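Protein sequences appear in the order of chains A and B. So the first sequence is numbered by this note's numbering: it starts at 2 and just counts up by one. So the second sequence is numbered by this note's numbering: it starts at 919 and just counts up by one.
Hints are computed from structural coordinates only; laboratory data are not their basis.
Calculated lysine-lysine pairs in the BS3-like style (CA-CA distance at most 25 Å, straight line):
{"no.": "1", "chain 1": "B", "residue 1": "K946", "chain 2": "A", "residue 2": "K109"}
{"no.": "2", "chain 1": "A", "residue 1": "K211", "chain 2": "B", "residue 2": "K955"}
{"no.": "3", "chain 1": "A", "residue 1": "K392", "chain 2": "A", "residue 2": "K357"}
{"no.": "4", "chain 1": "A", "residue 1": "K211", "chain 2": "B", "residue 2": "K956"}
Partial pick of chain A residues on the chain B-facing surface, computed with a CB cut under 8 Å:
{"no.": "5", "residue": "P82"}
{"no.": "6", "residue": "A83"}
{"no.": "7", "residue": "C84"}
{"no.": "8", "residue": "G138"}
{"no.": "9", "residue": "H210"}
{"no.": "10", "residue": "K211"}
To list a few chain B residues with every Cβ distance to chain A over 12 Å, as calculated:
{"no.": "11", "residue": "K922"}
{"no.": "12", "residue": "I924"}
{"no.": "13", "residue": "K946"}
{"no.": "14", "residue": "P954"}
{"no.": "15", "residue": "K956"}
{"no.": "16", "residue": "V980"}
{"no.": "17", "residue": "I981"}
{"no.": "18", "residue": "D982"}
{"no.": "19", "residue": "F985"}
{"no.": "20", "residue": "P986"}
This one's a predicted model, so the numbers in the text were calculated from it and none came from an experiment. Built from N, CA and C at the ideal position, the CB exists for glycine as well.
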Amino acid sequence: MQASIHEGTAVPSAAKVGEVMQAIAEHKGCGTSGGSGKASCGSAAGQGDLPTEIWEKVKNHPCYSEEAHHHYARMHVAVAPACNIQCNYCNRKYDCANESRPGVVSEKLTPEQAAKKVLAVASTIPQMTVLGIAGPGDPLANPEKTFKTFELIAKTAPDIKLCLSTNGLALPDHVDTIAGFNVDHVTITINMVDPEIGAKIYPWVFWKHKRYTGVEAAKLLTDRQLQGLEMLTERGILCKVNSVMIPGVNDKHLVEVNKAVKSRGAFLHNIMPLISAPEHGTVFGLTGQRGPTAQELKALQDSCEGEMNMMRHCRQCRADAVGLLGEDRSAEFTTDKIMAMEVNYDLDTRKAYQAKVEEERVAKVAAKQEELSTLAGEMSDIKLLVAVATKGSGLINEHFGHAKEFQVYELSTAGAKFVGHRRVDLYCQGGFGDEESLETVIRAINDCHAVFVAKIGGCPKADLLTAGIEPVDQFAHEFIEKSAIAWFKSYLDKVNSGEIEHVERGDAEIRQGALISAA
Amino acid sequence: MALKIISSQCTSCSACEPECPNVAITEKNGTFVIDPKKCTECLGHFDSPQCAAVCPVDDTCVIDNSFPRYQVPA
Ligand code: SF4
Ligand code: SF4
Ligand code: SF4
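Next up, chain A with everything else stripped away, as it sits in the complex (with noise of 0.2 Å):
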């Protein structure tokens, strides 16, 4: 078994992971220099100032870069169901609640129909680019048929990348295997870097033939998470950090582990909203334990900003979720179906419609640029959020009542820059113009000043003026960011004309299900 799995694959030279290194490290200056410099950096909109091996390593992940998410896709997989620890806001019934959300089941598959389903899902959806294996369970407590599938997916459809997420207990022991697949993408949840406040998150961890628990357990785990991390960067694999913030246990101390896995070379860290409720079983949906508030995450986020890149577009994807954004085609993609299909993988097809997109994206930047040269000259403290319906591409396309999501983007001077999403998809199922969904919509994203649409039907449109958001879809089917920093101007424009007042809005809601497919 070890032997096949080193077959064919490239172990990345020393050199090349010197070079990665060096420009790690020169990475980690990045945002020190001044300014708003961070806004394009890392996890925005273009390269900024991430070093180009980096940047190219990232570009067409959707899971990393918020640009790509907008015109590529991932797909999970779903092989490992077994995990090695125990999380309080996990209910095992369920997938791992690290990478997705609670309450949800993912269909287990073999590697062998799990290698079948990315070639078929491949070949369909062009924009597939990033196959990820992260739950249920824990992809490394089953290395096994993790790494079966690599090795399969690898063999077929070497242009897919490859990555894995972790709750990091095992993870020391497979680092040389990670490198050897090419895997250039880990993401590791690490909630605490204190044993004290871990003990509080986990009631026990297996390792070595035995169960540990209490502070014991939390200190095992984050002593092996951090070792994990740092035999990754070492080796020139990029890391992310995931950390569920929950109120009261974890949330001030998520700085401390912002410094931690920062100084261990985490290129990325995406906090999470703790999701619990009673329904879930979790320990912390029956002790009532509560997540936090869309103005509590952003504003952990934002401190957390200044040390590296956040990532704020995770939408805790169900892990056998398939397709770009917040849109979930995994019902095409069933077992049944998958094992009846004839799967002709063409290489060529897929480069000639990623060459496409390319192009779109280049075009998108520019509008955006020239947009925003036209702020260069006005002086405004104002700073509001506005939400936007996408169904992609960096496009106004979606209509108002169809959107499962909301993009939503923080405007200032400085431009557009993507600070989160809210997820609506639960609420929408009574179809438009359904006037409690139409409530939960407007909490959800209660927190903007405008929400831009396609479309938008004259009901709806009335209510939300009433709440103080104005609708906008004279952008239908433009560029976001270029649209909105138009709408941007004018508004400042009114506000300085004194044809309005600039107030600053309330607080949003996080939703608390599961994102299902509204089919």
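Given the coordinates of chain A, work out where chain B with the ligands should sit on it, guided by the hints.
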């Protein structure tokens, strides 16, 4: 004696299967079962039954009293 898995509580996560030193655990119709003839309660191998230690659902891998206690062969 041996351990048994309360199948109504088993999530079929498969975590126990590779941990068993006696290969006593297998998947049957969607849940996992212990072969009482193979189970040694992990005596002589580990300090505690491995299946119970790794199982995410408390009190799912439990002592099956319908079997006499396992005796380590002299
Ligand atoms: S690591 Fe994932 S599967 Fe394991 S207990 Fe935690 S949330 Fe659940
Ligand atoms: S107690 Fe030990 S020997 Fe018996 S089934 Fe569990 S792991 Fe196997
Ligand atoms: S570890 Fe527990 S829940 Fe998982 S398969 Fe074994 S008995 Fe079932």
